[in-house]
Amino acid sequence: MDPQLSEDERLLTDSARRSFERYCPITLVRALREPGTSGHSPELWSTMAAQGWLGLGLPEAHGGAGSLVDLGLVAEEAGRALVPTTFRSTVQAAQLVALLGTAAQQGDLLARVAAGSLLATVAELEPQALHDPRYLRTVATPSGDGWVLSGAKAFVANAGTADLMLVVARVADGAAGPVLGVFCVPAGADGLSVSPHATFAHDRQARVVLDHVHVTAEAALGGPLGPGAATAAALADARARWVALLCAEMAGGAQKVLELTADYVTGRVQFGRPIGSFQAVQHHVADMATRADGARLATHQALWRLAHGRPAAREVAVAKAWTGEAYKAITVMAHQLHGGMGYVRENDLHLWSEHAKAAELSLGARDHHLFAVAAELGLSPATL
Amino acid sequence: MDFELTEEQAAWRAEIRAFLDRHLTPELRAELATQAFARSPLVEQFQKAQAAEGWWGVNWPREYGGLEKTAVEELILTDELEYAGAPPLPLTVTSLGPMIIRFGTEANKREWLPRITRGEATFALGYSEPDAGTDLANLRTRAELDGDEWVIDGQKIWNSEAHLATHEWLAVRTDPDAPRHKGISVIIVPIDSPGITVNPLWTWGDVRTNLVFFEDVRVPRGNLIGEVNQGWSYIVGALALERSALGSTGSLQRLFDDLVELCRCTVVDGRALAERPEVQLRLAELDVDLEIAHLLSRRTASLLDAGAIPAKEASMQKVFTTELRTKLADWGMQLLDAHGQLHGDDDDAPLAGRLERTYRMAPFLRFGGGTNEVMRTIVAERGYGLPRGA
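Line by line, the protein sequences are chains C and S. The numbering of the first sequence is my numbering, which starts it at 2 and goes up by one. The numbering of the second sequence is my numbering, which starts it at 9 and goes up by one.
Heads up, none of these hints are tricks.
Not close to chain C: a few residues of chain S, all C-beta gaps over 12 Å, as computed:
| # | residue |
| --- | --- |
| 1 | Glu76 |
| 2 | Pro96 |
| 3 | Thr182 |
What the simulated footprint calls covered on chain C by chain S, stretch by stretch (three residues with Cβ under 8 Å from a Cβ of chain S suffice, anywhere in the stretch; the number is not a length):
| # | segment |
| --- | --- |
| 4 | 118–131 |
| 5 | 188–200 |
| 6 | 277–284 |
| 7 | 323–336 |
| 8 | 361–374 |
In silico contact screen, one side only, chain C against chain S (beta carbon under 8 Å); selected entries:
| # | residue |
| --- | --- |
| 9 | Tyr136 |
| 10 | Val345 |
| 11 | Lys358 |
I should point out that these hints are in silico values taken from the structure, not numbers from a laboratory. Note that the Cβ used here is the ideal one computed from N, Cα and C, for glycine as well.
The task is simple: from the sequences and hints, build the whole structure.
In structure tokens form, the structure reads like this:
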């Protein structure tokens, strides 16, 4: 038992922090939010690939190196630096491929992800199906030696820039709900149309309409026998990893906002003294610090359990329920302590405030994860 | 004790609603939904109609052109305007005019009050400076007499109405040698005076505020309000009135009512949001909080009508209501799950983005008009006699 980072883990964290400070400064973050840009930085991406970070948490046989914990530590630094979401969406897709793909699919796709030559994303949510696959309407129908996909997806990250989209669709109706499949759809496929959402965090999510999109048999993740129980299990396992990695991003962002705020109240003088010398301010900062530390600890625990194949449903849900609220509350209090100085758009604070709220509302908000915690307590499962 | 409107108050509310039916046109509503706080021909037309009703003097004595309504009646008006989403009464009417009435010279009253009631003069609050925020008494903008004119030099920040108002209600230092609170005066400055530069500052809440520079700005000696070097008490008095306005609840109630309706008709994962136990509990808690907010604001108003100075009560109301604004927007966005991420610019945004916009605007109300930390200190010290901190 030692919740602290090991020496190697600390080195990785330090190196990621230094690299992101250099290659992902806040000026780049702001530039990539502007309308008309792709939201993606090839230079940053190749730096991340060169450091080996895009292969973290992936099988060594396919170009991977490093554990899911290592990946989480880099994600934490990415959250601190507000690295564009192409990192998150590509990692999410890669994790799903690692869990569900055939050896050939993994060999092809994961090697390209690790090398930095493939941007990817997952298209799962639909406007009326956010957590329960029984309400997914996108369908995959066998056609010739492949499949035809039709339906409408929402909140697809980086749909406009990803080279590859993993589309979750129903292939048949089963007794316990739909049989699901995951299909690789290349960018620009016939019948695929993408229209951007305007989102709170300006973070490149889109609606995606699939109008009779043809894909080959090899496009079904897991091969011809892929669709079925294995898919549902792989999706559940992948989602647990996505949540833990998103928590890592949030924990990193929360720590940064705490540090920005501590700096501000130390330097800002009113009534002839730094406002950080007032107890009311100190108590707020202490509460922010407790929230941030709890977020990192809960996140590291969830990542560690997932990385070591231990049961982690409870710890993942605890991490998301705590960290989403913590990060958001830290940004809300940061605004309070910065006053007008932190409220103008010229100040960077709102960039984290938006990241915090968007992350809180992604992959299930607080109540969703509290029900998961209740279910782990053996209380009647929520019928969400 | 009486928790219902009197007949007279109910009639007043009906009068307000009838006015809103006539003047809050669909065109104006559409415009307000997209750009709050902007000035436009439609908004000006609405404000002229408000002024013609006598509302731009609603709480003033009749001798100054006011309607002499009670604070409770003023609250009814404010709540109705907010609930309907109409342009609010300006602070000039609710907070600054009353200071002119209380502290102004006869000449001040004759010059400014009729222009306010006619809707011809509105004031931007020229208080904060980069080094004088919560510590407002640290302000350094100078005014010196030169013959029959004040000459003003300095800068003001968070000067939110400077691009909309006709004048500045400017806090200036007129005696640099006096103790901090004793050398401050209030001078009214036409916003189009030579030497004024208004630079926009855009905020996260999409509301424009301004950084305003004053360089050798000259105004007539008579633009001084009340007595020289006595301005601090006028500023504090106006802030106290502003606090009640910041603690108003009409727009919160409207957002909540619309959120409940949205939860009834939004179906996700096979069920309406409103059928979910967690949604029901969250909405119920917000309803409880809102009820408390209403009660706190009515108490403040009734104390004002009784002639009291409700410093503790107005501070409590301001803290509670401004923090509830964050909570309502925050929880509303959470109830909508992924859809809560949609920005007001998105055609599919729930409630046309009012939740997310409220979330972005809420911080300003908590630190503006006296930070909530200072407000809490007022509750403890003035309400319960706790010893003053260092």
